[in-house]
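Chemist: Grab the two chains, each in its own frame, and use the hints to assemble them into the complex.
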Amino acid sequence: MIEAKNITKKFGSKTVLNDLNIKVNPGEIFCLLGANGAGKTTLINIFLNFIYADSGKAYINNIDIEKHPSDSKKHLAYIPENLMLYPYLTGIENLKYFTNLAGKKYTKEELELFLSEAGLQKNYIHKRVSVFSKGMRQKVGIAIALAKNAKVLLLDEPTSGLDLKSAKEFADILNKLKNKDVAVLMTTHDLFRAKETGTDIGILKNGKLIDTFVSEEINYDILEKLYINHIKI
Amino acid sequence: MLWLIAQKELKEIIRQGVLKILILTVLVLLLVSLVISFSYNRYIDSLHIKSEKESRELWDKQGDKNQHSAAHYGLYLLKPKSPQALWDNGLDRYTGAAIFIEPHVRNNTMFKAVQDSPMLAKWGEFTPSFIMLYILPLLILWITFNIISREKEQGTYRLLKSQGVSSLKWIAGKASAVWIITILLIVPVFLTAGIIFGKGAFFTVESFLLLLTYLLYAGIYIHIGIAVSALTKKSEISIIFLVGFWVLTTWVIPKITSSITQNIYPSPLESEFKKNIRDEIYKNGILRHDINHKNTIAFTKKVLKEYNVNDVSELPFNFNGYILQAAEDTNNIIFDKHYAELHKLYKKQTNVYTVSGLFSPFILARQISMGLCKTDLWSHINFTKATDEYRKLFIKTINEDLIKSPYKPNQRFIRSNDLWESIPKFKYKLPGLKLFSEHYKYVYSIYLLWFVVSAGILLFTSKKIKF
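Residue numbers (numbering that gives the first Met the number 0), protein chains in the order written: chain A, 0 to 232; chain B, 0 to 466.
Just chain B, with the same shape it has in the complex (with noise of 0.2 Å):
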């Protein structure tokens, strides 16, 4: 009888104009975003893959020069986009993707996109999460919000009823049928997307995931749809709700959380940030470019003392490098120290975001998708970390060249192309799902709360239904 159901439903939803109309439009508007993301991505990878090679090739044939100026030559380090980005830009456009490691300092990112293109910061950018998240979830309404509250005002519920349907194979039968317009509009995009612009390495367990969550998200919307639509009397009320709830869920609820948490927990402005940084520096650590500084002074009268000569040329190595790794790794101490103070201040800024996904599943839903393309807050702060571990071990190898060099006061040793071809390229491998299971497991037993509550919620309402 589901079946039977769910067919007929199916058949007045394909022979209804406007519906086809509708269902036709998301299609097209899924496929061109998918376009558009897939080129937009094919460039900056490409980009990427340009500039860190040129970068690389500039460092590796910069000639003969002492170590220190060299390593403040710097290289440019890019993160690689991952093949489910295609469907979520997620937070790269505001993170960047690009970091530039030099001595003495860790630098942010760089190149984001909504610096270059101030429009894509005040409208969004086109993207298939974009379609899925806040496009789709409206055609279902449109499909679900007259779908019981119909029958009951034409009359045609009471004939059914008459035919001994039970309200529940009645109602299960229907959002079968909303199923399965939602499955075949979703899974063979998805799929073929993959195929297309993924080149296999797109068909991964985060896939599946991200797959699994638009579907569960779309499931959201149609028990919630249903639910609704048999509660109400009218049709027109049932609209008005559901579309209340999308305005609420969708744009209320996230904007008045972003604002409640950065309440809550305000961001450091990024100039006050590395002020702080700079102030604790100046006071804790070691100025090797100001030889005057009280630090400066008294590490070097240690490193005297300890080795009992008078002047830094009796040393048994380079002083010169011996102090620039010796600032190196004082101030990296206290730039991981605010760095990590910072990246607890933004997990507790995205725990308020998980609560107020009690209250949104577009807030839980905004957060996975993200999470599983790697666009995330969590994979931008991993590739961070990756590019400075890597300028920490980049900065070490040039100071411990440039300890074994022999001392000359006001001379600079020299060294060439061998040297800066040594050092070993950075390699990143985007984080798996371990970092995503680590930052998202409350958000997705949520989520699936969400999912598990709507279908209840539409078990519910077929006890009742009033005619």
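One chain only, chain A, in its complex shape (with noise of 0.2 Å):
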């Protein structure tokens, strides 16, 4: 579960979050819709424990993520926009670095199952990341949550710059979370990706969530007016 309760961030005189709420429960995707600078990565950064906010409680599977960082973090997985991994290691070796950082110890056949789960072809699982796509490396990205075992994954705009097909395998693989109980929150521009993949939609604007929406109780042309006046106004 993922859970802000009246989180309010400014950065010096600006307020980038506004006594924010926001609740995932597992088998929930949330995706959390909002223009540049309406305070989406700032609320992923603070879920991560890399800023804090200066009022209300962030949580972790119920734990407080500033009085229990590490706990916290041992629940999360983190992709962001542009997933970056160690160039000169292999896509299996980055996958072992991240989940032995995280104290998993897993085999040689267990991480190639993960990275394959994870949709990576498998003439790529030995080869080195810097011959991975974008979409290669979120995929590795999604085999570290997979391997971690995680229970929240934070998804900061990661379908952006993905082509149709990458982002199609990346939303497949997020229902399969989803069905696992995990509950993802996802930050995106893309409206179609998050109608497509979330079960639930929210609209960040000035720091505050201004709508939520069902996605299975709203069509996508209804949803596209909504967003483009509520960016307007």
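Note that these hints are calculated values from the structure, not bench results.
All C-beta atoms, glycine included, are put in the ideal place defined by N, C-alpha and C.
The reader is advised that the hints may include incorrect statements.
Claimed, not checked - Okay, derived cross-link-like pairs now, DSS-like style, lysine-lysine, Cα gap no bigger than 30 Å in a straight line:
| id | chain 1 | residue 1 | chain 2 | residue 2 |
| --- | --- | --- | --- | --- |
| 1 | B | Lys232 | A | Lys66 |
| 2 | B | Lys274 | B | Lys300 |
| 3 | A | Lys150 | B | Lys168 |
| 4 | A | Lys121 | B | Lys160 |
| 5 | B | Lys233 | A | Lys133 |
| 6 | B | Lys428 | B | Lys384 |
| 7 | A | Lys133 | B | Lys19 |
| 8 | B | Lys233 | B | Lys19 |
| 9 | B | Lys151 | A | Lys9 |
| 10 | A | Lys4 | A | Lys66 |
| 11 | B | Lys10 | A | Lys107 |
| 12 | A | Lys177 | A | Lys194 |
| 13 | B | Lys428 | B | Lys336 |
| 14 | A | Lys179 | B | Lys160 |
| 15 | B | Lys160 | A | Lys207 |
| 16 | B | Lys346 | A | Lys133 |
| 17 | B | Lys463 | A | Lys13 |
| 18 | A | Lys104 | B | Lys462 |
| 19 | B | Lys433 | B | Lys343 |
| 20 | B | Lys346 | B | Lys426 |
| 21 | B | Lys160 | A | Lys167 |
| 22 | A | Lys4 | A | Lys56 |
| 23 | B | Lys233 | A | Lys126 |
| 24 | B | Lys168 | A | Lys56 |
| 25 | B | Lys426 | B | Lys49 |
As the list claims (entries may be wrong) - Partial chain B-side listing against chain A, Cβ under 7 Å, derived:
| id | residue |
| --- | --- |
| 26 | Leu3 |
| 27 | Lys7 |
| 28 | Glu11 |
| 29 | Gln153 |
| 30 | Gly154 |
| 31 | Ser161 |
| 32 | Gln162 |
To be verified - In silico contact screen, one side only, chain B against chain A (beta carbon under 10 Å); selected entries:
| id | residue |
| --- | --- |
| 33 | Ile4 |
| 34 | Gln15 |
| 35 | Arg157 |
| 36 | Lys160 |
| 37 | Gly163 |
Modeler: Rendered as structure tokens:
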């Protein structure tokens, strides 16, 4: 579960997050839409403990992330917009390194399975990451989340810059994770992907969650109109 | 976790072509410098043994002569090289390693390598210490300059932090990797060189301290390199800062210190130094070869009065020998005084260097390296003092023999090889750790402080890393 309670964050005089409340339950994919500067990445950074909220509380699996940062990180996986890995290591070596750092130990076969499950082609598993496309690197990121058995997944614009096929593959993997009761918080500009992938959609503007929808209950055209209206105002 | 991070770093470093080539290049340079240094030292050692032996044989077999004439024939005494000199030739090329001993005068060392090969003075020597103190830091800087900043630039740091890795463990892991590479580069070479070139005599406390000194020096660069990489946002800024640090501490500060030292405590010119001694001897000493000199006349009168005789031929001993030894005793006091003042000046000069070591670990490492290799100023002075003690004994033995010889005006007494052979041979043992600790305890303390502070800075930066 991911939960933000009355989070406020200011940078200087600018309020980036304003008394924000969000809750993502296990098996939910919450897609957070918003223009640049709306506060999406700031919220992710707070959940990751990279920055601290001025007020309010953030929880990962009911763990207060400020009080217990290490414990909270045991339950989460994170994939940024442009996931960068170690170019001199292979896909499987990167996966092994990150999972070992998280305290997990797997055999070579198990690691290969995670990468395959994440959709990485078998002939790339033992190739250096320097030859990987962005989509392939994202898949290694997913494999890290799978291997870590993370119950919370934070995604910061993960599909931006991906081709349609890769974005579709990514969405399929997220659905698999959803079915494993993982709570996913995904920030995105991609309305179509949000509608297709998310179970819930929220619109963030000036640090406030101004609207939320259940994905199944709203059609794409209405969502688009609403979003454009909110962005215009 | 520390080993996990270190392992991954090592893997990455080994897989980077440029770094692999650089590490191999430093290794090859180190090995080549060791072979060159070994060949040179072996050549010098064999030359010294041969020269000293020949000089002594010529002395022993010089045949029938008057004692004083024989003394003027003189002897060459040569400073042996320590096993550690393989790593650092230090000041030997400037100070020289041979002294000619003779009556009346305390000579300076001769056969200075820089005089025989002026290019040496201009470019310096290609020694292992040159590689350790100048080149190795550059390799370390190349490995460390982007070791953290690269991860911040490419974004892997965020992913790492999301795994719950603490900055302290992360930095410590990276430092461990660079330490491992450095140790693997230095220690096996050091030990192998000791076994191959040192022939057992190499493995002493001095050698252990020398190895430790080089490792600490590398460590200072490892810590500073990683700390700067952690504190800068861009690798370009990091490399500029670190190269600047290297230039400043290994070139600029030592040169400035040298100039400041020479301004505060100027060394006398050799000609000026000798002239001062000559002038004082002329004023207060006894000039045996100038019988009309006032001090010589006064001394002769004093002896005649003391023994209540009218002529030196009436004295119960050979006056020629007596006045020669009296001249030695009197003039040696003057020599000793001037040399003691000179050494005091050198001490003041080295104190300035020690203080400037607060701003440059290179200055400290250089001094310590020379001190442990016994190629420093204090080892040189130790040798010259030993040769002068021997000179005093050598001349006194000859003069005492002359004193016992019958005195005949206008006739010189002649002695043969048995006397020359009876003079004990010069036996010099290189100074031990006592001399090193006497002159380098503060230098080493500041050096250790550099290491501790650099490690502290590294620890501190782990709390200051920003995204």
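Chemist: Now tell me if each hint is right for this structure.
Modeler: Here's how the hints hold up against the structure:
Distance check on the hinted pair: Lys232(B) and Lys66(A) sit about 28 Å apart at the alpha-carbon level, within 30 Å; holds. Taking the CA atoms of Lys274(B) and Lys300(B), the gap is near 28 Å; set against the 30 Å cutoff, the hint holds. Straight-line distance between C-alpha atoms of Lys150(A) and Lys168(B) comes to about 25 Å, which keeps the hinted pair within the 30 Å bound. Between Lys121(A) and Lys160(B) the CA atoms are separated by roughly 28 Å; this keeps the pair inside 30 Å, and the hint holds.
For the hint linking Lys233(B) to Lys133(A), the alpha-carbon distance of about 23 Å falls within 30 Å, and the restraint holds. As the CA atoms of Lys428(B) and Lys384(B) are separated by approximately 12 Å, the hinted pair is consistent with the 30 Å bound. Distance hint between Lys133(A) and Lys19(B) is fulfilled; the C-alpha atoms sit about 28 Å from each other, no more than 30 Å. Only pairs whose Cα atoms come within 30 Å are accepted, and Lys233(B) paired with Lys19(B) is accepted, the gap being roughly 23 Å.
Of the supplied pair hints, the one linking Lys151(B) and Lys9(A) holds, its CA atoms being roughly 24 Å apart against a limit of 30 Å. A hinted pair counts as satisfied when its Cα atoms are at most 30 Å apart, and Lys4(A) with Lys66(A) qualifies at roughly 15 Å. A hinted pair counts as satisfied when its Cα atoms are at most 30 Å apart, and Lys10(B) with Lys107(A) qualifies at roughly 18 Å. Pair hint Lys177(A) plus Lys194(A) holds up; C-alpha atoms about 15 Å apart against a cutoff of 30 Å.
For the proposed pair Lys428(B) and Lys336(B), the alpha carbon gap of about 25 Å is at most 30 Å, so the pair holds. For the suggested pair Lys179(A) and Lys160(B), the alpha carbons sit about 25 Å apart, so the restraint of at most 30 Å is met. Straight-line distance between C-alpha atoms of Lys160(B) and Lys207(A) comes to about 27 Å, which keeps the hinted pair within the 30 Å bound. At roughly 65 Å between alpha-carbon atoms, Lys346(B) and Lys133(A) are farther apart than 30 Å, so this suggested pair is violated.
For the hint linking Lys463(B) to Lys13(A), the alpha-carbon distance of about 24 Å falls within 30 Å, and the restraint holds. Of the pairs offered as hints, the one joining Lys104(A) and Lys462(B) holds, with about 28 Å between alpha carbons and a cut-off of 30 Å not exceeded. Straight-line distance between C-alpha atoms of Lys433(B) and Lys343(B) comes to about 19 Å, which keeps the hinted pair within the 30 Å bound. This hinted pair checks out: Lys346(B) and Lys426(B) have alpha carbons roughly 27 Å apart, not beyond 30 Å.
Straight-line distance between C-alpha atoms of Lys160(B) and Lys167(A) comes to about 28 Å, which keeps the hinted pair within the 30 Å bound. The hinted pair formed by Lys4(A) and Lys56(A) meets the criterion: a straight-line CA distance of about 5 Å does not exceed 30 Å. The straight-line distance between the Cα atoms of Lys233(B) and Lys126(A) is roughly 28 Å, inside the 30 Å bound, and the hint therefore holds. For the hint pairing Lys168(B) with Lys56(A), the CA-to-CA distance comes to about 27 Å; that is within 30 Å, so the pair holds.
Proximity of Lys426(B) to Lys49(B) is assessed by CA-CA distance (about 15 Å); at most 30 Å being required, the pair is judged to hold. With its C-beta approaching chain A no nearer than about 5 Å, Leu3(B) sits inside the 7 Å limit, and its interface hint holds. The restraint placing Lys7(B) at the interface with chain A holds, with a minimum CB-CB distance near 5 Å, inside the 7 Å limit. With 7 Å as the threshold, the beta carbon of Glu11(B) comes within range of chain A, its nearest partner Cβ sitting at about 5 Å, so the hint holds.
Because the smallest distance between the Cβ of Gln153(B) and any Cβ of chain A comes to about 4 Å, under 7 Å, the interface hint for this residue holds. Restraint check, Gly154(B) versus chain A: the minimum CB separation of about 4 Å is within 7 Å; hint holds. Taken as an interface hint, Ser161(B) checks out: its beta carbon lies about 4 Å from the nearest beta carbon of chain A, inside 7 Å. Checking Gln162(B) against chain A by beta carbon gives a least distance of about 5 Å; that is within 7 Å, so the hint holds.
Below 10 Å, beta-carbon pairs count as interface contacts, and Ile4(B) has one with chain A at about 8 Å; its hint therefore holds. Interface hint at Gln15(B): satisfied, since its Cβ lies 6 Å from the closest Cβ of chain A, which is below the 10 Å cut-off. At about 6 Å, the closest approach between the beta carbon of Arg157(B) and any beta carbon in chain A falls short of 10 Å, and the interface hint on this residue holds. Checking Lys160(B) against chain A by beta carbon gives a least distance of about 7 Å; that is within 10 Å, so the hint holds.
The interface hint given for Gly163(B) holds, since its Cβ lies 4 Å from the closest Cβ of chain A, which is under the 10 Å cut-off.
Taken one by one, the earlier hints fail for this structure only at number 16.
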